[in-house]
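> The task is simple: from the sequences and hints, build the whole structure.
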Amino acid sequence: PPEFTLLGITMEPWKPEHSLLWARLMGLRLSANLWDETLRAELAQTLPPQALADLWPAPKDSDRTTIPAEAQTSQKTEHPTPPPAKGLSLLALLDQWPEVIAPQVASNAWAVGGARSASGKPLLANDPHLGLALPSPWYLAELRLPERTIAGATAPGVPFHLIGYNDKIAWGFTTTHSDTMDLFVETLSDPDHVLGPNGPEPLRLREETISVRGAEPVSLEVRSTHHGPVVSDLLPGAVSQGQVITLAATALQPDDRSPQAFYQLTHAASTAQALSSLQSFDSPQQNMVVADDQGILAFAVSGRTPKRGQGDGTLPADGSTGAADWKGWVAPQDLPHWDGGSDGLIISANNRPSAQSEALAQSWPPSYRAQRVADLLESRTDLTLDDMQRVQGDTLSPLAAPFIAHLSRAASAPNAPLSAPLRKAITRLQSWDGMMDHQRPEPLLFSAWLVELQKAVFAEKMGPAYSKWSGLHPQSLLAVLDRSAAQKSGFDWCAPASCDQHLLAALQQAYDSVGDEFGSDMTSWRWGEAHRIPLNHPLFTHVPILNLLSDREIEASGGAETLNRASFPGGAKGPWEQRLADVHGPTLRMAVDLADHHLARTILLGGQSGHPLSPYYDDQVALWASGQGVSIGQSPAVNTLFLEPEQ
3 PPEFTLLGIT MEPWKPEHSL LWARLMGLRL SANLWDETLR AELAQTLPPQ
53 ALADLWPAPK DSDRTTIPAE AQTSQKTEHP TPPPAKGLSL LALLDQWPEV
103 IAPQVASNAW AVGGARSASG KPLLANDPHL GLALPSPWYL AELRLPERTI
153 AGATAPGVPF HLIGYNDKIA WGFTTTHSDT MDLFVETLSD PDHVLGPNGP
203 EPLRLREETI SVRGAEPVSL EVRSTHHGPV VSDLLPGAVS QGQVITLAAT
253 ALQPDDRSPQ AFYQLTHAAS TAQALSSLQS FDSPQQNMVV ADDQGILAFA
303 VSGRTPKRGQ GDGTLPADGS TGAADWKGWV APQDLPHWDG GSDGLIISAN
353 NRPSAQSEAL AQSWPPSYRA QRVADLLESR TDLTLDDMQR VQGDTLSPLA
403 APFIAHLSRA ASAPNAPLSA PLRKAITRLQ SWDGMMDHQR PEPLLFSAWL
453 VELQKAVFAE KMGPAYSKWS GLHPQSLLAV LDRSAAQKSG FDWCAPASCD
503 QHLLAALQQA YDSVGDEFGS DMTSWRWGEA HRIPLNHPLF THVPILNLLS
553 DREIEASGGA ETLNRASFPG GAKGPWEQRL ADVHGPTLRM AVDLADHHLA
603 RTILLGGQSG HPLSPYYDDQ VALWASGQGV SIGQSPAVNT LFLEPEQ
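Residue numbering for the sequence shown follows the working numbering, beginning at 3 and increasing consecutively.
Quick caveat, the hints were computed from the structure, so don't treat them as lab data.
Here the structure is a predicted model, which is why all the values come from computation and not from measurement.
Hints are supplied without guarantee of correctness; some may be wrong.
[Said to hold, decoys possible] Using 30 Å as the maximum straight-line C-alpha spacing, the simulated DSS-like pairs for lysine-lysine come out as follows:
| id | residue 1 | residue 2 |
| --- | --- | --- |
| 1 | Lys470 | Lys62 |
| 2 | Lys62 | Lys309 |
| 3 | Lys490 | Lys62 |
| 4 | Lys62 | Lys463 |
| 5 | Lys309 | Lys470 |
| 6 | Lys575 | Lys470 |
| 7 | Lys490 | Lys463 |
| 8 | Lys426 | Lys575 |
| 9 | Lys457 | Lys470 |
| 10 | Lys490 | Lys470 |
| 11 | Lys575 | Lys463 |
| 12 | Lys426 | Lys457 |
Written out as structure tokens, the structure reads:
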């Protein structure tokens, strides 16, 4: 590989622990609560609870859940006491959190029963969303064994199909968005001990040696308690004197059995066997959607969920009392699961799994994508793989209608301060169909407006924490706008101006700044000009000349909450081509018809090779962009690589 040549590194043999390390890194990347908990704790020092409830809204009865609504009601859990206000440099802690394991959490998966398909057998679709770059994080493979053919997506260096199908079942995953991380504020009784419920407890120490090219190795002392590692050691002196912060995470538990679960899953011959494999699945917590060739569908939340002694995990807890310590794991059979039957429709798009999900988390991503899948599929009885791919590529923004309704109301006020060009722009938005097509101007203005509106409403009162509250948060923004329009009481984010003033001023700001960047004539704007996917190589993108060989860039349709997920960072400032760049979305798409698994369609955003000079480095990008797929192993081989084990 050219990376090794450039860096002067000699390859070492791959070992099983390397595959296990990959799984731990993915477990941390697919667990976002560290960020939410840290931001909550920082903001709890200056904002009242009702303001925090807007930023992390509780689920609504109208939100679509994966499992149909049930009769039982869940019990509320009390919130823990906010941590001490002084000395906790929590935002600085996030600055030190390695980008490679920063949260990347979203995906779509659904299954339809045979009564809804043209073939009479179930269909299953899955598109996991990760950061977009080259080379692809996935590697497509078909494994032919005497008793089973297994195909789909592997990860380089991992000897299992993570998402895929065999001749009996198909399966896919989405991130649950459960709370599997807790921060604890520990009190030092002396430099080597922390206070516990039974008195001082020794800090555990271990030495890590980090090799540095061209220099002496660096020794790193890692301290930990029974909760987990001392993460505040990333910032020496940043915590109150006599306090440290530790991290408890399911992804850091020493007895993870997830590889065993994947082995059993890939060899399962029925939905029942696939569900049974999840007994060994530990981290990261995921939602599995599965279907088999006998017509049975199922959904299950898999992975460890901590049982907390007290509190709900939304804020750092006092580590000295033991009250909020983890007391074990929720039993797998007690996690949300559902047999969708033979004619059902199971949809998981990071929405709340069921109405009884408070043991998992207190807040959830919006259910826009899940509802859009339902709108497209519920009335159909003739669905095919073509339909699955069309749904995966759908670009209707569910945000357009509610936000433009608020804009129309504000603009209709008799004294609304609107220039003639801005009134024309509003008219265009009002007549827009909501499709985030890369050729259209409306998505560009709409997205820039939402970014500016969110900043206008939240940034000042959130202070420095706003820069860590990345991306769009439509649930929070709509909650504030809806409450303002209905003149209901609550925390007044829009004071001293009104929310209507922010709606119009933000649109003017977006219109002017987009015009400065892309020209004054809105009819010439194109969403794809600002909304590009930067497919950058992690190393070569920083090397002049080599970056011309390794990096690609394509225009993208879709947006933050479309089924064709195309999330952008937003941010408070900078050129729009950076603030609206498509940086997170489907790195892989798969659609399977259990009537004939050989015809399953899969596509990568990238290619099979990691070598920029290989014709297979980016040969699937164009197919991905056009919504097409390939059937693994069905075309004659162009090249064949023979691997022979050592004797």
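> Indicate, hint by hint, whether the structure satisfies it.
Now for the hints, and whether the structure bears them out:
1. Lys470 <-> Lys62: 25 Å, holds
2. Lys62 <-> Lys309: 24 Å, holds
3. Lys490 <-> Lys62: 17 Å, holds
4. Lys62 <-> Lys463: Given pair Lys62, Lys463 holds - Cα atoms ~25 Å apart, limit 30 Å.
5. Lys309 <-> Lys470: Holds, at about 28 Å.
6. Lys575 <-> Lys470: 13 Å, holds
7. Lys490 <-> Lys463: Holds, because 20 Å separates the two Cα atoms, which is no more than 30 Å.
8. Lys426 <-> Lys575: 26 Å, holds
9. Lys457 <-> Lys470: 12 Å, holds
10. Lys490 <-> Lys470: Distance ~29 Å between Lys490 and Lys470 Cα, so the pair holds.
11. Lys575 <-> Lys463: Holds. Lys575 to Lys463 sits at ~17 Å (cutoff 30 Å).
12. Lys426 <-> Lys457: 24 Å, holds
Every hint, counting from the list given before, is met by this structure.
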